[in-house]
Every structure is written in C-alpha cells, then in structure tokens.
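Visitor: The residues making up each chain are set out below.
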Amino acid sequence: MITLNSINKVYQTDRIETLALHNINLEIAAGEFVSVMGPSGCGKSTLLNLIGLLDKPTSGTLSLDGAPINGAGDGKLARLRNEKLGFVFQSFHLVPDLTVLDNVEIPLLYRRMPAGERRKRALAAIDRVGLSSRTHHFPTQLSGGQQQRVAIARAIVGQPRIVLADEPTGNLDSAMGEEVMAILEELNRQDGTTVVMVTHDERFAARTARTVRLFDGRRVA
Amino acid sequence: MRNHLKLALKVLARRKVFTAISLVGTALTLVVLVVAVAIADSAFAPHAPQSRLDRIVSVNRIMEKGTGVTEIMNPGHGFLETTLRGLPNTERVTLFSDLETAVIYDSGRRLEAALRRTDPEYWKVFDFTFLEGAPFTAADDDGNLSVVIISDTLRAQLFGDAPALGRSIDVGGQVYRVVGVVPRPSIAQVMPYSEMWAPLGPPSSDERTSTFGRLLGAVLARQPGDIPGIQREFATRVTRIPLTDPKQFQTLSSSLDTTFEAFARTATHNKAGTHAVAMVRAFLAGLALLFMALPALNLVTLNLSRILERSSEIGVRKAFGAPRRSLVSQFVLENVILTLIGGTISFILAWIALRAIESAELIPGAHFELSAGVFLYGMLIAAFFGVFSGLYPAWKMSRLDPVNALRGGVA
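The listed protein sequences derive, respectively, from chains A and B. Under our numbering, think of the first position of the first sequence as 1, with each following residue one higher. Under our numbering, think of the first position of the second sequence as 1, with each following residue one higher.
Honestly, the hints are just simulated from the structure, not real lab data. The structure presented is a predicted model; accordingly, all values stated were derived computationally and were not measured. A portion of the hints provided could be inaccurate.
From the derived model, a few chain A residues whose C-beta atoms are all more than 10 angstroms from chain B [to be verified]: (1) Gln-12; (2) Ile-16; (3) Thr-18; (4) Ala-29; (5) Phe-33; (6) Gly-41; (7) Asp-55; (8) Glu-117; (9) Gln-141; (10) Gln-146; (11) Asp-173; (12) Ser-174; (13) Asp-191; (14) Arg-207.
Calculated Cβ distances over 12 angstroms to all of chain A for the following chain B residues [what the hints assert, rightly or not]: (15) Thr-244; (16) Gln-248; (17) Thr-251; (18) Leu-252; (19) Gln-330; (20) Arg-355.
Derived contacts from chain A toward chain B, CB cut-off under 8 angstroms, selection only [said to hold, decoys possible]: (21) Asn-49; (22) Leu-54; (23) Gly-75; (24) Phe-87; (25) Leu-98; (26) Ile-106; (27) Leu-109.
Don't be surprised by glycine CBs; every beta carbon is placed ideally from N, CA and C.
Next comes chain A alone, as it looks inside the complex (with noise of 0.2 angstroms):
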C-alpha cells in the first residue's frame, strides 16, 4: 500500500546541509498498525510527512496504492490527501475558533458534498470517539485527551485508508493516551484502517505489528 524506495531528505540552508532521512526503503501493507520509534531528530516525523505527501522527498520514490507520487503537483497532493489520508498530530491542531462539529468537518470540505450528508458524517465519526455531548464545544472547553479525539475524529471522517499519528499520545498523561491508543486500536482492527504512529513509548509500539526504528535518519531494524 505504501512503499518507500531509497528515499532522501536532505534539508538545505545557506550554509548548512542536514540529512534527515538516509536511503529509507519501507513497505506498509494494507491494514498494518505499524509504530516507528528513535530518538529526538531521528527524523521520525520527516518520514511521516512524506508519507503523508505534506513533503517532498529529495531523492528516490515513494508510492501509494502502487502509483508512483513523485512529480504530483500540488493540486493532485491535495486531493490524494483528503481522500486517502488521516493525520492525528500531537499538539492537536484544532482550529480554536470553530466548534467541535466544524473543525470535524474540515476534511469533508473540500470534498463535492451536500451540508446535510457532511453534517451527518462528521456526527458519526464524533460518536465514534465518545463525544456526542461536546459537539457544539471550542477546543478550549475540553482536555487534552478529549481534543485527541476530536482530531482523530477529524482524522478518520473522510473515511481514509490510512490515518498517520505524530506522537498522538505524546501530550497526554497515560490514561488519556491510553484512551486514544485504544481508539487507533480499533480502527485498525475493526476498520482495516492502515496506521503509522509515531512515538517515543515503548509500551504503545509493543502493542503494533512491527515497529520501524530510526536512528540518525537511518533505518535500523
């Protein structure tokens, strides 16, 4: 489903060059739960946003549903994006002045679709993760853990194959990111769900498939 073949990232400045990702080559089949774990700069998240074609890579191919990404403009990105996949970051990323209904229904924007049926996905996916009663609440009226929910339900309600998670627990205390552990768990099992997780805890990557480990932008096992 997503295949990574002797990728490069090399960050560029004036005056310095950084590697971050170094001949990367990775295979994630279809309904995987897979974690990738290293230390800080590892160039974990890098390789998230690849995957996530939030980036570029350098040098070397990366492919989705065996169609080659690589020279796709931003136009086509976008929309690979919104129909394919998820993001869960770790900081949330809510958009502060909308509600939990609207920022749920971000994704399902720019899609061609009637205000009722996005209305009713969005309540669906809200359902999902256990916060039908905070539906018309700001982002600020809630936890940390119930705003993880609330973005993987934005993450998961344009039904995407795949649901990518910088870190989803890493702001959380251990019963919330316990909370939100679960609700990936069962996306993967019940849904088929494809989910890369980036994370520094080792008992959640215990808990996935296969664990990627990263060090110096390498891959090492």
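Fit chain B to the supplied structure of chain A, relying on the hints for placement.
Guide: For chain B alone, coordinates are given in the frame of chain A:
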C-alpha cells in the same frame, strides 16, 4: 461558502483588536470617500432645482488669446443671443447674471446677500418649488420692475416666521417688492444658487451687441442625446464671432458645457481644452485610489502578520486536502466581510458627518443625500478595497509549506 462565511464572522469576533483596528481604518477611509461622493452628487447629479441637469448645457466664459495675452471673461448679451438662440433641438434658452453681492438695509441692519438677475425663462429651465408667490413674468422683466424672489433663509433673516409676499426690501437704496420665496439651493449648484433673484431687464443698446459682459447662458435640450449636436452647432457659431481687438488677439473660444465639463474646465484653468474632463476624472480616480491605498497597505500588513497567528490552521487545512484556491477564497472572503462591515459603519458615520456639514453651513444651502446608488457604490468600493487588501496576504498564506505551517513557522 456558508462555512467560510461562518468562520470569517467567528474569526472577526474572536480577534477583537485586529478587527477594531481594521474596521476603524476602513470606515474612516470610506467616510471621507462617501462624503466626497455625496458632495459631488449634490453638485453634479440632477436634484431640484436642477432636476433637468442631464439636459442642460451652459456657457460661462469666453477666452480671447493673442501673443502673450489671454483674456477670459463672462459672455455678454450679444454673444449669447447670437450663439444660443435657435440652436437645434433646444427647448429653452435662459440668460442670467453671475452672482453679485447685494447690500440690504433693514430697520437699521445691514445685510449682505447673493443676488442674481435672470430672465423669465430661467424659472422654466430650473424647477424651483415656490413656497410663496410665483416666478416673475416677461412683463416684469420687460418693464424692468423692481420685483424680487428671495430664498427661505433670507426670508427668515428679514421677516422671521412671517410671510414675505408683497413685502418690500431696500437693496442698495432701491426698493424691491417680494413676489416669491423659494428654498435656497446649494452653493454647489452653480447656476441656480443665489439668495435673491431679480429681473435681468431689457439690454441696453450697447449690451445688445456686446461679446463680453457679466452673464451666463444655459440651454435646455429636448433630450440628453441632443447635447453633442447642440455643442457642435454652438462651436460652429463661435467661429463666426468677430474678435474684439484683432490687433491684440488671434483667437476667440468658448464652449457650451455640461456641469461637470464646466467644473473640469475651471479646475484645469482652461488649459486642457477637450481633455479637461478626462484629466479631471483621471485625477479624481487617482486621488481616490491613492487615498484608499494607504489604509489598504495597512490592512495588508495586518493580514500578513496574521499568517503567523493562523499558520496552524492553514497547515491543518492543507494536510486535509485544501487546495490553494480554496484557501485564497476563504481569506479574501474574510477580508471582504471585514471591509463590508467597515463600509456599513462608514455610512452611519458619513450620515452624521453630512448632517454636521449641513448644520454648520460649511457648504451653504447644501442638502446631501445618501441614496441607494451612493450606498451601492460605497459597498462596491468597500468590496474592491477588501479584495485589494486581502488578495496578496491570502495568496501568501495559501503558499505556506504545510509542514512549516504546522510547526507555527512561515518559511
């Protein structure tokens, strides 16, 4: 669209300081523009007593030029009779004097008032509403009778609340009988404006042939579309007018202008010829643009600073598949809504400012209207202002790299 609209209103409500600064800047700019448009409207749009302004052309200057010498004066009786009478497709022709200051003696008081002398046709070209009495007649004019029509403001000064019809006024030692009272026109309505109107009277034998004088002439065309033909025929007739002093002057020129053409000709000191109207229009449009540019640039700067503040939202939207055009339209719409609210506020402020200008008599006799047309133009200007000041920041926002945007950076 509905979501963009909802978000725009929420963003504006939440970011109160930004919204307030932007609204003040936008509203103040638009107040000045709306007041300027309302003043221009009172002068150049057809409002009583010049409701037929779209059919009226006038001549107010004759210019003779020689080597190193130029003479500009009002036309005289002879010139106007020769050039205006019998022009094709005209309904009426009126001759009237330029304004002069008359001194009124009233029970030991000395008052000064603007006086205009007119022929009887003047009252048929301009549609004054008579509060008392009626226009003077051809017989009054032929008989050079000492009758006068006064404005309601002069009536109040002279007679208080009492009727003025039939009362006498001592103007410079000559006693005039009041035969009518009309509302005072705005001073911006150049041809109808005065505080007293007396009969022009029959011309003297010298005046009958004079090229120069102290008069103005106006023509009421049958249709607005007849005006270009009338102007062409007038121009032909002017070429046949002999020079007053062929030794001193080589050319004589004059023009039959619409109100705006007359304004443009005066504003360019008669130096721009046929380009005067285009020049003045371009100048006024440039001035308005320049005037809008400063607050627009301020709004651009404020909007650019908001990129940093909203980079996370931009990153999220991009991550979930927002195309660039959608982000551009969202941010431009937010800005347009902001400026439209500013536009609405500016109308309230402009209404207050115009009432203040009226009551302070800064433009004597002026009555300003904020018509639906002025409102529509104002809102169009506001919308243009919104797009103009929102497009660049929106474009810049839409090009943010999603990874950097999510990190809160703008690179």
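Visitor: Look at each hint and say if it fits the structure.
Guide: Status of the hints after comparison with the structure:
1. Gln-12: 12 angstroms, holds
2. Ile-16: About 14 angstroms separates A/Ile-16 from the closest Cβ of chain B, which puts it past 10 angstroms; holds.
3. Thr-18: 14 angstroms, holds
4. Ala-29: It holds; A/Ala-29 is separated from chain B by about 24 angstroms at its closest Cβ, greater than 10 angstroms.
5. Phe-33: 21 angstroms, holds
6. Gly-41: A/Gly-41 is indeed farther than 10 angstroms from all Cβ atoms of chain B, at 14 angstroms.
7. Asp-55: 5 angstroms, violated
8. Glu-117: A/Glu-117 is indeed farther than 10 angstroms from all Cβ atoms of chain B, at 14 angstroms.
9. Gln-141: A/Gln-141 clear of chain B: closest Cβ-Cβ about 14 angstroms, beyond 10 angstroms.
10. Gln-146: Answer for A/Gln-146: holds, closest chain B Cβ roughly 17 angstroms.
11. Asp-173: 23 angstroms, holds
12. Ser-174: 26 angstroms, holds
13. Asp-191: Consistent with the label, A/Asp-191 stays out of reach of chain B, its closest Cβ about 18 angstroms off (over 10 angstroms).
14. Arg-207: 25 angstroms, holds
15. Thr-244: Holds, because the least Cβ-Cβ distance between B/Thr-244 and chain A comes to about 75 angstroms, which exceeds 12 angstroms.
16. Gln-248: At about 75 angstroms from chain A, B/Gln-248 clears the 12 angstroms cut-off, so the statement holds.
17. Thr-251: 66 angstroms, holds
18. Leu-252: 68 angstroms, holds
19. Gln-330: At about 9 angstroms from chain A, B/Gln-330 fails to clear the 12 angstroms cut-off, so the statement is violated.
20. Arg-355: At roughly 38 angstroms from the nearest Cβ of chain A, B/Arg-355 sits farther out than 12 angstroms, so the non-interface label holds.
21. Asn-49: At about 5 angstroms, which falls below the 8 angstroms cut-off, the nearest Cβ of chain B leaves the hint on A/Asn-49 intact, so it holds.
22. Leu-54: Because about 5 angstroms separates A/Leu-54 from the closest Cβ in chain B, which is inside the 8 angstroms limit, the hint holds.
23. Gly-75: 6 angstroms, holds
24. Phe-87: 5 angstroms, holds
25. Leu-98: Where the cut-off is 8 angstroms and the nearest Cβ of chain B is about 7 angstroms from A/Leu-98, the hint holds.
26. Ile-106: 5 angstroms, holds
27. Leu-109: 6 angstroms, holds
Violation of the numbered hints given earlier is confined to hints 7 and 19; the remaining hints are satisfied by the structure.
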